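Student: For the protein sequence lines, the chains are A and B, in the order given.
In terms of the numbering used here, the first sequence opens at residue 1 and continues consecutively.
In terms of the numbering used here, the second sequence opens at residue 110 and continues consecutively.
The hints are simulated quantities; they were obtained by calculation from the structure and are not laboratory data.
Here are some chain A residues pointing at chain B (derived, C-beta under 7 Å):
hint, residue
1, GLY27
2, TRP28
3, ASP45
4, GLU46
5, GLY47
6, SER48
7, TYR50
8, PRO51
9, TYR54
10, ALA75
11, LYS76
This one's a predicted model, so the numbers in the text were calculated from it and none came from an experiment.
Glycine included, every Cβ here is placed at the ideal spot set by N, Cα and C.
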Amino acid sequence: MADKSELFPGTLDMLILRILSRGELHGWGITNKLEQLSKSALQVDEGSLYPSLYRMEDKGWIEAEWRMTENNRRAKYYSLTRAGRKQLETEQEQWDRMSAIIAMVLHSA
Amino acid sequence: MTLLRQLSRRLRSLFFRRQTEAEMAEEMRFHLEQRTADKLDEGFSPEEATFAAQRKFGNLASIQEQARAGRGWTWLDNLVKDLQLGVRTLFKSPGFTLTAIVTLGLGIGANTAMFSVLNGVMLKPLPFAHLPQLDRLYRSTAQNPDGNISPADFREFQLAKDGYGDVAAYTPANVSLSEPGHPAEMAYSARATANLFSLLGVQPQLGRDFRAGEDTTGRDRVVILSQRTWQKRFGGAPEVIGRTIRVDGEPHTVIGVMSAGFNDWRFLGGIDFFRPLAFAVEQANDRASTTLRVIGRRSPALTPDDADRFLAAFGARLAKEFSQANAETTWRRVTLQSAAAGPGAAMVLPMLIGLSGFVLLIACSNLANLLLARTMTRAREFAVRAALGASRTQLLRPLMAESLLLALAGGALAILVAVWFRDWAAVRSTGDNGEHVNFIVDRGVMAWAFAAALATALAFGLAPALFALRLNLNDTLKSGGRGTTGGRGHQRFRQFLIVGQFALATVLLAGAGIFMRGLDDLNKRRSGWESSQLVTGTIALPVGTYGDDEKISAFHRLAAERLAALPSVTSVSLSSSTPAFNWPEVRKFIVEGQDRPVAGREPAAAVNRVSPLYFSTYGTRVLAGRAFQERDRADSTRVFIINQAAARGLFGEKNPLGCRLGRVDGDKILWGEVVGVVNDVQPIVTDANPVPFQIYQPLAQAPRRETEIAVRAADVAPAMLVDRIRTAMTELDPDLPVSRLQPADITIYRASYQDRVLRDMLAAFALLGLALASLGIYGVIARTVAQRTSEFAIRLALGASVRDIVRLVLGSGVRMALVGSAVGLLGAIGVARLLGAAYPSLSTNNPLILGATTLLLVAVALLACWLPARRAGKVDAMGALRAE
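Chain B on its own, in the form it takes in the complex (with noise of 0.2 Å):
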């Protein structure tokens, strides 16, 4: 109650100022009315009686300032009187203000955008209702730890999972899509067991979830879109639900769309629809194909220790009963919120939080420059302030209310560069199917921005305040008007953040120089394949109208056939993988006449199934024997081409050619002959771990249903051949898409979109911290030469060359960005080996990029230092002299 009057009080006293000061006001006077009759009525006369009045009262200003300070705030009061004091000073000083802002926006804002991926990536939840309890379960050999799982092996899981919780499991592929009336277009799309929604807790916001029992063959003709889908392809019309749409040449009746938060880039975002996951009777006792994504959700009885321990005996129980395909191999789990975010994500954003850092340590240590250089010039200031007798906190105050301004209006600039991050990063990031990274500017960054922006502008703000308050009154006040240069301490403080800020641009430019290089050299490496004259697509055989192996070959054959008749075609190849990228299919091999190894412990190697002309088209060469030919059909003996790995870690010394090799496929063997030998190819993007044998085998011995297209130009650009190629094939089959039928090179370039986003943002710190530390070097040249005019001006008069001059100064300059660049050339040896960690595939061993980046760094402090050597060689020295 009393507290409520006081609050009351206080904010009245605030905010009627005016009212309350005439209040109190009115009450004086009226005391002092009241004792000038008392007086008039002892026979004063007039005049005397209001001065004895006056005098019985004290002094009235000191009375009332003493009155106000009894109610309110009185801090509150002076903050405000300090803020407008404060934009009142820093609208004098424009360029100051306007350089402390920007600096402090920029380095902010670079540091904001990197928090703000940081939050989109890892940090802002899946938008799942059971996400604490879903895992991603993976089925771990020695090559790929992250290995999916047999839809035999899900089963037996499925049997098994109330030890555990709910499980579900998901499978992508590119399918074709069509309407009466739009031609056919390849979709992403993702058969899902019934369950898939519901044990993630979404639900469909149009129509219904899948229904029990609908993953069952048969029963399986309906669809789910995606809210991306749906507003792209069917334009948003709620009337979609029932509508039939043909996916793979069959009918499918929609029955539900996804909301827009399902669209998650994190998470089945790119997947345009969902269809249920049903087995046919073979593919529910395949182990061999380690197809299926699974997901589960833990009991919420069983903790994660629990959890863990349960697929540890489940996957070694699955080893030893299935011992043929799942011998060597463990499940484990990780969070879905970790796994979506990707192993990469852990090692590479805190490592761009940190470069984002360096951009902000940097343009702090420009800050402090800055207002210590200002400080300074205002050195006369405070000295009269404080000889009046301001105490130690009200010569702080107008200080750090300047300093707050400064955090307010540099973190707004620094939203602003968030939000122009973020929709420049929407577009950079926008992959082939129009999904795209999303990092929303929500609350949790704004408050970083200011919590960023206060704690730098407090802190660096502070810094030269309480330099400023060390200064010696009697010597400032006689130095005379020119303000200081400092003391020794302010001079080695001053050189050490500009040593600091070089080693810090060293640092960032020669991690994203090594960066840049390495992502280039991936672009353009081309080993053991190339790739410069051919188109590619991709191609994927409905089930409905290539029922089998034979009609799937005979379609594979017309359309090389067809292709390779169109003019200025050299060859076509179809292929289950393109040298390009990696190879998903591993399988295991034997060879005949040697000890077969325990099972699980089978030599592994990446498979490629391809078409005759296949190695002829990539430019892969055949060493030994011969490539595929028209004749290796589907009734004729099974060979194999091996790689050189291959040929010498399965051989030895022996030669292959001719001999027998046996490919597991789960109890059966497939044996058949090597017929040649061709170089190692390597794709552009490696694994941590790559397989380095390589193992093909003819597409007509191994048909598939989703294959690559690729067609060499002869003396044409590929990309003249693009069109010609779709209306070829669109007479082979009007109901068949081609989906990213484009020049190579194209798809490639595409294909580290990602990666070039990340490049583009490390190049944008470097070029920052770049731009941040020249200007610094520069300013605080010319602030030293203009405040050491006389010392020149002395320098000179007594026989100094102009020469000698600009050569110190320069020197100077020179000296602090070397030492600065040496101490960063250690920090960028330490990124680069961080890059390499996080990217296998690049070569981030790179002097040559360090000894450029050094030589740029002290170029530009030559630029910079130059500037202001000059005008301290054109010193007047007569004139500055007489000036003293």
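Chain A with its partners taken away, still in its complex shape (with noise of 0.2 Å):
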């Protein structure tokens, strides 16, 4: 658990919504699934993603629903709407242009 890094600010709601564009998931999930990917090297308070997903519902980027898990618990499922389908479309645009921008800089120096 040593080398983690710190999420760039803003970054967060991007990484949320790639991870609902494969298909519905509660916060837990979505904590599980971003561990995965990130393979661990991530260093987020668990606890922020809330707050962040209420955003984005407020937004009307993702929607949710309450329903049973598979273990028969009741959990808030969100998914993504077409407006949070485009956002991250541009959000992903943004990112790479300038992670590009960005690396060519530090690397041309």
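With the hints as a guide, dock the two chains, each given alone in a separate frame, to form the complex.
Tutor: If you want it as structure tokens, here you go:
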């Protein structure tokens, strides 16, 4: 658990959107997925996921529904809306462009 | 779509907070349980697993706070919380709260009441459909810019009206109204052209309008009642349509009833019923009697400027073509809306609004002082909160919430005050005819009240709050638990407020004093006549019974004889006008042997047609020659009596007795001999430019149907005679009503009822202003004394006497009051000028009142300061110093 990186501000939303783009999940599921995909290299307070989720729900990027899990527990499932899908596209594009520019500058200097 | 969903979600989170909270908690609990289960699987002990899960999750409370902020309206949430807190804090200091609300409520209430007057008089549109195109048309002369129009000129305009639009005319008069089984009553009726109502765009609510052609002689015996008369006199029965009533002894058929909206007191509201206006041939050609009030409706195509030009050209044409009657006259128009409000309204109402604004300003500065003092006592609380990390907005928000609450309560109270005022004004302003002003408290008035309350409370709540923000944290916390007196700036600000209050109160008091005094003078002023022993009343002889001049004169003689024969009666007079009020009849005169001036430029004189005993009855002195006598009859030589001003103006140094004077009557000139000179008389209310020449004619030589009776009582109170006079008149003609039969002084007093409403309002403003200002100075001085207790204690300990301390406190208060009054006196002089311009007959130059006002204010200030000053002198020096 040594080399962990903190997230750039504002990028958590994008990661959540990306994870949800593969199908609906509850908060705990998103946490697991994030861990799994990042190979546990990210240093995030697990709780900070939730304000992010609520904010995005408020903006209409994702929507939520209470349903039963396989283990028969009530959980809140989040899924991407059309607006959210579009948001993900723009954010990803921006990110790609930005990181390319940053990489370019860093490597050529 | 998204917006809608967002809205519903936010509302849900606002109103179903508990459920949203529960869902959030459940979701996070689920997460934590899952993580704990994971850790248990990794081999942690249960406690360790729970702890690790929590650590990984982060600060639960803080995350929940962030989550809440992420959805819903935080600000609204906060506002509700702030308001709840505000209610609690305000309830905790009921004294402050009550004072603030009452101050705000009275200040804004006065202002709102005034606004409702402005609304009712000027802003609220008259209830006519075609209002934007409606004008009053005037024929202006040098003496009278708002002159009425003669029948012949009106017919001329009817022929030319296509260049303008449409035109209607009416003329009001007193008539007798009787029905079988009812005593005759005098009613105020108007004859109107058949198109009057359709031109205004109104319909009778019952029955029908006049038909075209009903305004011709013979077909004109139909009547449309006002809603008020219908209710009062006919009990609101719908069967009234078709009923026959007698007007001036002639049977008329009721054909319609106007709606209640038509009772608008500003225009035609005082009229009891309408009849068609039919001209007999000789009337139709009459260019001398300007009796018609003319209303025009501009055709929509015509711009106001074009209408003005058209009227000017038309007036010029009349002046040229009929120069005998119309030389030197012009035509002009005023929109009906502003004509109805009256020319005085435009001057008086803004002044009253301004004065009520003064009351509000005084109330505001009191409120500011109160809030400032309150903020200062809470300075420590603010400092602690700021030290604990509250942001500026977080500090300001509860203060603003309190102000908002005060504003709401104050606004509500203000509306109560306005409603109460409306009822009071309706009672106070009821005229003799039962019509009264109607100031409706409508949405506009309510909006005004709340807007004023909000603006006031926010502005004056924010100012002290900003002071609080500038507090030095360190000093405040160190200064102990006493709150702070505030720095020099605060002191100065408060003193400024007090000085301002006193200045405004001076203006209010002096303004009200001058107006009340002036009005009182008016009611008491009897210049050239007196009325204390007189009973007066009005009669109007109907055409039906008194067909010609001979019959009219015979009745007048008989009435004078009978009344004079009553016990305790000294003398009796009949006249077309009384000296108490303006004489409406103004005629042109020329002097024999002098060059005749250009037509239209002949000297004008107010004319009164009087019976022989008029001068002795009213106490007008005959200075030279003789009074009229019984021998001045229709068939004897025509005679005139002139007043001093006319004698001097028309004849100069020459003795006017025996000279011949000609009254210009259209194309004719009626010559007569001057037989007497009497002193000038002045009515109680004079016009802006009164006609100085007064000329009397014997009533028998110029008979008139409508006359004023005056009976002088010998040795009894005039009120005792009223019933006897009425009985005597009924015996003479049971169908003849005598209206306003009462002691002359009562009639005179009643005549200025509208001015008295104004006077009472001014007085109320002044008293309110004075009360608020003294409350203000008392509050400030009392606070200062309380805060300077330790200072006084030290002074006493160092050897100051109690008197020194009292003098110190009194001195500071009186200084503020004096400075304020001095500033206010300047304003008061300005207000006096304004009043003088609006009421030319009011004497507004009254230094005595200005002086008295200043004295009163200083006395009040002394008293208000003396109470706390006495307390200051009684400071227990040892106790106060030990308490440090």
